[in-house]
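Asks: Below, each chain spelled out in residue letters.
Number of protein chains: 2
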Amino acid sequence: MELLKQRILQDGHATEDDVLKVDSFLNHQMDIDLLNEIGKEFRRRFAGEPVNKILTIEASGIGIAAIAAQHFGNVPVVFAKKTQSRNLDGELYTAKVKSFTKGKVYDIQVSKKFLGPEDCVLVLDDFLAKGQALQGLLQIVKESGARLAGCGIVIEKGFQEGGKLLREQGIRVESLAIISSISNGTVTFA
Amino acid sequence: MELLKQRILQDGHATEDDVLKVDSFLNHQMDIDLLNEIGKEFRRRFAGEPVNKILTIEASGIGIAAIAAQHFGNVPVVFAKKTQSRNLDGELYTAKVKSFTKGKVYDIQVSKKFLGPEDCVLVLDDFLAKGQALQGLLQIVKESGARLAGCGIVIEKGFQEGGKLLREQGIRVESLAIISSISNGTVTFA
Numbered sequence: 033m034e035l036l037k038q039r040i041l042q043d044g045h046a047t048e049d050d051v052l053k054v055d056s057f058l059n060h061q062m063d064i065d066l067l068n069e070i071g072k073e074f075r076r077r078f079a080g081e082p083v084n085k086i087l088t089i090e091a092s093g094i095g096i097a098a099i100a101a102q103h104f105g106n107v108p109v110v111f112a113k114k115t116q117s118r119n120l121d122g123e124l125y126t127a128k129v130k131s132f133t134k135g136k137v138y139d140i141q142v143s144k145k146f147l148g149p150e151d152c153v154l155v156l157d158d159f160l161a162k163g164q165a166l167q168g169l170l171q172i173v174k175e176s177g178a179r180l181a182g183c184g185i186v187i188e189k190g191f192q193e194g195g196k197l198l199r200e201q202g203i204r205v206e207s208l209a210i211i212s213s214i215s216n217g218t219v220t221f222a
Numbered sequence: 033m034e035l036l037k038q039r040i041l042q043d044g045h046a047t048e049d050d051v052l053k054v055d056s057f058l059n060h061q062m063d064i065d066l067l068n069e070i071g072k073e074f075r076r077r078f079a080g081e082p083v084n085k086i087l088t089i090e091a092s093g094i095g096i097a098a099i100a101a102q103h104f105g106n107v108p109v110v111f112a113k114k115t116q117s118r119n120l121d122g123e124l125y126t127a128k129v130k131s132f133t134k135g136k137v138y139d140i141q142v143s144k145k146f147l148g149p150e151d152c153v154l155v156l157d158d159f160l161a162k163g164q165a166l167q168g169l170l171q172i173v174k175e176s177g178a179r180l181a182g183c184g185i186v187i188e189k190g191f192q193e194g195g196k197l198l199r200e201q202g203i204r205v206e207s208l209a210i211i212s213s214i215s216n217g218t219v220t221f222a
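Chains as they are written, first to last, in my numbering: chain H, 33 to 222; chain D, 33 to 222.
For the record, the hints were derived by calculation from the structure and aren't laboratory data. In this text, all values refer to a predicted model and were calculated from it rather than measured experimentally. Treat each hint with caution, since some may be false.
One copy or two, it doesn't matter: identical chains are merged, so the pair holds either way.
[Stated by the list, open to error] In the DMTMM-like style, the derived pairs of lysine to aspartate or glutamate whose C-alpha atoms are separated by at most 25 Å in a straight line are: (1) 145 / 193; (2) 114 / 139; (3) 72 / 123; (4) 136 / 73; (5) 162 / 90; (6) 130 / 90; (7) 144 / 123; (8) 114 / 43; (9) 144 / 90; (10) 144 / 175; (11) 130 / 200; (12) 144 / 34; (13) 130 / 34; (14) 130 / 81; (15) 196 / 81; (16) 53 / 65; (17) 145 / 50; (18) 162 / 43; (19) 37 / 193; (20) 145 / 48; (21) 145 / 73; (22) 134 / 123; (23) 144 / 43; (24) 144 / 48; (25) 53 / 43; (26) 114 / 175.
Bound conformation, chain H alone (with noise of 0.2 Å):
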């Protein structure tokens, strides 16, 4: 998606060998517009899958799915909770997920009332990088029984493993820039 990488070389912020800051307009500040263009294109990319219900965890993904969802009939959206949380009620899908950068594992949560077998979900979150809260997101639509129409993803790191390892799991991988570098302050798109 051009837009999305010229906003990314334009105001990213390439600081250490794989870390990409874009808090100016992702995941810290958002920039409205270009949420729009985002769920604009994950709508054009899967066109064709009957998306009744989108996944996501907090709190990155939320804005992100909330604007994507209008692109998709304002189909409702999930977001998985890593905290307890008072305001989950009854019985829940839960997944471990690793933190490499806090270096713990911490539970994901989906109540059981929000997803099941009628549902066809498309799954959406800011970065894919090794992939771990995917993973736990893809297991807990697994245990559902819904349908996965597939994974969104604005930016795959695409110098480490996650995409990988879930498309050779046979999963749609739709990322909308896919950076294949980031060396002395300069990203380099795959």
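Assemble the complex: chain H is given as a structure, and chain D must be docked to it using the hints.
Replies: Chain D only, in chain H's frame:
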């Protein structure tokens, strides 16, 4: 907001004397049509204000703010972070927030790059109860020198003191549904 009150009565779930679960449409699964009506109503109430930025806090505020922004001319949305994040760059505004449910004090953070004296900010959140998170956001707005248009809240627990304390400080708080009591599973609006 009548539509919201009806939805709370229909799909909300009052479990204890002070707990209202709205996870089927607001803070776990999100009803995008309802969020658009909520955004429209916030726009109507703050029609006179030259809002050029929306500030909220992760996680449940993000979807509400992203959709609402579309009714304010697609202004950028900034969400305060509750945890230390590698995604945050440079200098930060920080405020301490006391969580009664979790029994601890945590920091919320907003990058100084995204809030300053040139901004007219609308602060949005899903719930207002004791108002601790909102007070933290307002402290950050004050420190930034931005003008505060006011606070837009989806559901205010009118039987807790947060709204009263804020209004006594002269802050404009617009809550779309104000609950006067939750008792034996029954929700009563003010």
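Asks: All hints are to be evaluated individually against the structure, with a verdict given for each.
Replies: Results of checking the hints against the structure:
1. Taking the shortest Cα distances, residue 145 and residue 193 never come within 25 Å of each other, neither inside one copy (33 Å) nor across copies (32 Å).
2. In this assembly of identical chains, the alpha carbons of residue 114 and residue 139 lie at most 25 Å apart whether taken from the same copy (6 Å) or from different copies (18 Å).
3. In this assembly of identical chains, the alpha carbons of residue 72 and residue 123 never lie at most 25 Å apart, being 34 Å within a copy and 34 Å across copies at closest.
4. When the C-alpha separation of residue 136 and residue 73 is checked against a cutoff of 25 Å, the pair qualifies neither within a copy, at 34 Å, nor between copies, at 42 Å.
5. When the C-alpha separation of residue 162 and residue 90 is checked against a cutoff of 25 Å, the pair qualifies both within a copy, at 17 Å, and between copies, at 23 Å.
6. Proximity of residue 130 to residue 90 under the C-alpha cut-off of 25 Å is found in both arrangements, the shortest distances being 15 Å within a copy and 21 Å between copies.
7. Within a single copy, residue 144 and residue 123 get their C-alpha atoms as close as 6 Å, which meets the 25 Å cut-off; across copies the closest is 41 Å, which misses it.
8. Taking CA atoms no more than 25 Å apart as the test, residue 114 paired with residue 43 passes between copies only; the shortest distance there is 24 Å, against 29 Å inside one copy.
9. Proximity of residue 144 to residue 90 under the C-alpha cut-off of 25 Å is found in both arrangements, the shortest distances being 17 Å within a copy and 23 Å between copies.
10. Within a single copy, residue 144 and residue 175 get their C-alpha atoms as close as 10 Å, which meets the 25 Å cut-off; across copies the closest is 42 Å, which misses it.
11. Only within a single protomer do residue 130 and residue 200 lie at most 25 Å apart by alpha-carbon distance; the minimum there is 20 Å, versus 45 Å between protomers.
12. In this assembly of identical chains, the alpha carbons of residue 144 and residue 34 never lie at most 25 Å apart, being 38 Å within a copy and 29 Å across copies at closest.
13. Proximity of residue 130 to residue 34 under the C-alpha cut-off of 25 Å is found in neither arrangement, the shortest distances being 32 Å within a copy and 43 Å between copies.
14. Within a single copy, residue 130 and residue 81 get their C-alpha atoms no closer than 30 Å, and across copies no closer than 44 Å, so neither meets the 25 Å cut-off.
15. For a Cα distance limit of 25 Å, the shortest separation of residue 196 from residue 81 inside one copy, 22 Å, qualifies, whereas the shortest one across copies, 48 Å, does not.
16. In this homomeric assembly, residue 53 and residue 65 come within 25 Å of each other (Cα to Cα) only inside a single copy, at 19 Å, whereas the closest approach across copies is 32 Å.
17. When the C-alpha separation of residue 145 and residue 50 is checked against a cutoff of 25 Å, the pair qualifies only between copies, where the shortest distance is 23 Å, while the shortest distance within a copy is 38 Å.
18. For the homomeric pair residue 162 and residue 43, the shortest alpha-carbon distance inside one copy (24 Å) is at most 25 Å, but the shortest distance between copies (38 Å) is not.
19. For a Cα distance limit of 25 Å, the shortest separation of residue 37 from residue 193 inside one copy, 21 Å, qualifies, whereas the shortest one across copies, 47 Å, does not.
20. Proximity of residue 145 and residue 48 under a CA criterion of 25 Å is satisfied inter-copy only: 20 Å between copies versus 42 Å inside one chain copy.
21. Proximity of residue 145 and residue 73 under a CA criterion of 25 Å is satisfied in neither setting, with 29 Å inside one chain copy and 29 Å between copies.
22. Proximity of residue 134 and residue 123 under a CA criterion of 25 Å is satisfied inter-copy only: 21 Å between copies versus 28 Å inside one chain copy.
23. Taking the shortest Cα distances, residue 144 and residue 43 sit within 25 Å of each other only across copies (16 Å), while inside one copy they are farther apart (39 Å).
24. For the homomeric pair residue 144 and residue 48, the shortest alpha-carbon distance between copies (21 Å) is at most 25 Å, but the shortest distance inside one copy (40 Å) is not.
25. For the homomeric pair residue 53 and residue 43, the shortest alpha-carbon distance inside one copy (9 Å) is at most 25 Å, but the shortest distance between copies (39 Å) is not.
26. Within a single copy, residue 114 and residue 175 get their C-alpha atoms as close as 18 Å, which meets the 25 Å cut-off; across copies the closest is 30 Å, which misses it.
Of the numbered hints stated above, those contradicted by the structure are hints 1, 3, 4, 12, 13, 14, 21, listed in ascending order.
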